[in-house]
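> First residue of the sequence shown: 1, per full-length UniProt numbering; consecutive thereafter.
Hints listed in this document are in silico derivations from the structure and should not be mistaken for laboratory results.
Pair by pair, the computed Cβ-Cβ distance ranges are: (1) P117 with E69: 43 to 51 Å; (2) R39 with V71: 19 to 27 Å; (3) E76 with Q118: 38 to 46 Å; (4) G45 with P117: 31 to 39 Å; (5) Q118 with T98: 37 to 45 Å; (6) P117 with A79: 30 to 38 Å; (7) L54 with R106: 15 to 23 Å; (8) H56 with Y80: 13 to 21 Å.
Heads up, the beta-carbon is just placed ideally off N, CA and C, and yes, glycines get one too.
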Amino acid sequence: MDKRLNIGAARMLRRSMTDAEHALWRILRGRQLEGFKFRRQHSIGRFVVDFVCLEHKLVVEVDGGHHAEQVDADAERTAYLEGRGFRVVRFWNNEVLTEMDGVAMRLLATLTPTPLPQAGEGL
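Using the sequences plus the hints, can you model the full thing?
Take a look at the structure:
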């Protein structure tokens, strides 16, 4: 896809975000999630992702109901992004709307993995 078209699509998507995307953006914008910077409706190659933390190469997608074609498209999109070093985390719309604390905790766990114990530490 032409980069200019992709940027235009991203702008349009920013104006037509779902309720779940708006809710998640409220906790991601302005580095509110432990200082991590997220962008919304951001162009990566031929795709526009819902949210991305570029510093940590984490893509966050908010999904509604799916049918078979969408599942295949999501798998292709995920493979493309992972092939470029991104991790992809997906949440359902209802999960974002009803379990926001859990969504935030999962994102933080993904962004700040627990370090392995030093030699001689642990059990």
